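Trainee: Single-letter residue listing:
Protein chains: 2
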Amino acid sequence: MPELRKDPVIGRWVIIATERSKRPDDFVSLDEKPLKTKLCPFCPGNEDKTPPEIMAYRKPGTLPDQPGWSLRVVSNKFPALRIEGKLNRQGQGMFDKMNGIGAHEVIIETPDHERTLADLEQKQIEDILWAYRDRILDLKKDPRFKYVLIFKNQGRAAGASLIHSHSQLIATPIVPKRVMEELAGASEYYEYKERCVFCDIVAQELRDRIRIIGENEDFVAIAPFASRFPFEMWIIPKIHEAHFEEAHKHEYSQLAAIMKEILGRLKKTLKGPPYNYIVHTAPFKDDYSQEYHWHIEIMPKLTQVAGFEWGTGFYINPMPPEQAVKYLLEEPGSSGQEA
Amino acid sequence: MPELRKDPVIGRWVIIATERSKRPDDFVSLDEKPLKTKLCPFCPGNEDKTPPEIMAYRKPGTLPDQPGWSLRVVSNKFPALRIEGKLNRQGQGMFDKMNGIGAHEVIIETPDHERTLADLEQKQIEDILWAYRDRILDLKKDPRFKYVLIFKNQGRAAGASLIHSHSQLIATPIVPKRVMEELAGASEYYEYKERCVFCDIVAQELRDRIRIIGENEDFVAIAPFASRFPFEMWIIPKIHEAHFEEAHKHEYSQLAAIMKEILGRLKKTLKGPPYNYIVHTAPFKDDYSQEYHWHIEIMPKLTQVAGFEWGTGFYINPMPPEQAVKYLLEEPGSSGQEA
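Protein chains in written order, with this note's numbering: chain A, 783 to 1121; chain B, 783 to 1121.
Please note that the accuracy of each hint is not assured.
Since copy identity is lost for identical chains, a pair holds within one copy or between any two.
Lysine-lysine pairs mimicking BS3-like chemistry, simulated, CA-CA at most 30 Å apart [what the hints assert, rightly or not]:
hint : residue 1 : residue 2
1    : Lys804    : Lys1042
2    : Lys788    : Lys1031
3    : Lys868    : Lys1050
4    : Lys905    : Lys804
5    : Lys922    : Lys859
6    : Lys788    : Lys959
7    : Lys928    : Lys1108
8    : Lys841    : Lys975
What the hints contain is simulated information worked out from the structure, not anything from laboratory work.
For clarity, every value in this text was computed on a predicted model and none was experimentally measured.
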């Protein structure tokens, strides 16, 4: 059973994977670690190489764990947290720990081994978003869980170990520290202004129009004012809503459209860079419906996070977001002339 | 002038390097970026390839910016922050920014191009610590600065762009967010217990003796209970003291000894892994003398930080610290048998 341990100073939780502990020789330098390329467990025909499917979108008449699917959700074969058991919170002297209970699932986004998310049809991206929603609604029923984090690691430098396009979710028994920080920040702003900070960002960005990468009926995609990373992009719904899983049907369709558009621009401008994205949404239970506003943060991995960032929590970004937007919106053939 | 911008939700500051902004093509994939190997600006004889030296330990009779030094401190040639100017805090609609004022210096730890910190004589490591102290005491006099962060990036995967052993310091006009978090955590513990949390950690670790990597008269080196990274190591002074720069003379000598010992063990166990270390010390002005306790955190870079860590702020560590200690303390020839 993995163990959740709490740092007594910072209050940060760490998952210690006590079971699959490794020998020092197993830690190959990150520089040398290749993506696994042999048999792909996410390809059709290899369904038996993953744990059984939790859900799938598949052709009528096809069987679970057989080909015929367009999207599959399975448990992670090497889960960071385990679904079975009780939390069993306990002390160990001054230290705190509990069992590593949680869910860790993989969303296999397409049967196609080669295509990245940006290459998929809009309809397929929409299906991925529906799968996120379906899984959150299902996991919300488990009283042990307080939060579901949905994220994607695209490319080796962003932490992906398999090339086949997929995202992941982790359901956790505590609301993660970063999420709490964001909720606290949004709440503080709300206390002071009696307005949602994300609604205010959307309003100012739509007025300034210097950091907008894309816009449609329901969403705006911006390069945030304080971008941590070159070409960082946030997608924010125009309508105030705290929970991703409570969005309206047409919003998922519009979200798929804007994701395809801006991930396509990112791919074209930077020749398919590694990136992470994270769905930022409110926790299950406490009510943040006034203060919080769900959104997606996309973070390309082009710069190295090193001692300075670790020590300070602030970032050095050599690409001003206003400039990033110009590059992202450049049409091919305009030969890089700047405004 | 670089710009400091504040995220309106999280309160995180970002340094936007507006001057040396890059084109998209300049962002080579991290996977492919080699360490610079041509002419080394940190080697003796190349002193004119760095900005003029701020201080140096050198043979009597030798001139500044000439060979004859054993340690040199220079401004970073590509500083993240600039030393000249005023902060000039201002709003931009709902957003906050200020000029990127600060100091960014490089401590060239040895004239030897090849040796890593672990290979240096204890006396030389002690000199490096004295240089840290001297620079902090000098920068403390500048009323614009509130904090000095001292850190080291060893190896490419840890963010180093030059192989020649060096550390860096950044003086900042604000107390960084991560430092504030640690101070807040330590203060909260102090309020509740009326004891220093780090003193309590030292006491419990010396009693449990399952996470100790090294110990001498003044210091203990531990694998922390909630280690974020495999083989993470903290060096904590046994005597309560908030400021690194106020340590006693014999402490710098003892610190050099324990650093050489445990970095040597790390190098042997993991064949010279990339790592970052950060000197955690109290800010210049506010008084945290009761609550805070300086220390050094060493973080080997063996696992990839990906979407999950970014989204939650908690970490997945496949190496329990108790097991890491066993590996680190194994004598060569004992062939890796476990207890």
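Trainee: Taking the hints in turn, state whether each one holds.
Mentor: Hints, verified against the model:
In this assembly of identical chains, Lys804 and Lys1042 lie within 30 Å of each other by CA distance solely across copies; the values are 25 Å between and 39 Å within a copy. Neither within a single protomer nor between protomers do Lys788 and Lys1031 lie at most 30 Å apart by alpha-carbon distance, with minima of 39 Å and 34 Å respectively. Within a single copy, Lys868 and Lys1050 get their C-alpha atoms no closer than 47 Å, and across copies no closer than 40 Å, so neither meets the 30 Å cut-off. Taking the shortest alpha-carbon separations for Lys905 and Lys804, neither the intra-copy value of 42 Å nor the inter-copy value of 35 Å comes in at or below 30 Å.
For the homomeric pair Lys922 and Lys859, the shortest alpha-carbon distance inside one copy (22 Å) is at most 30 Å, but the shortest distance between copies (52 Å) is not. Proximity of Lys788 and Lys959 under a CA criterion of 30 Å is satisfied in both settings, with 11 Å inside one chain copy and 19 Å between copies. Taking the closest pair of Cα atoms, Lys928 and Lys1108 never come within 30 Å of each other, the shortest separation being 40 Å inside a single copy and 36 Å across copies. For the identical chains of this complex, Lys841 and Lys975 are neighbours neither inside a copy (50 Å) nor across copies (61 Å), given an alpha-carbon limit of 30 Å.
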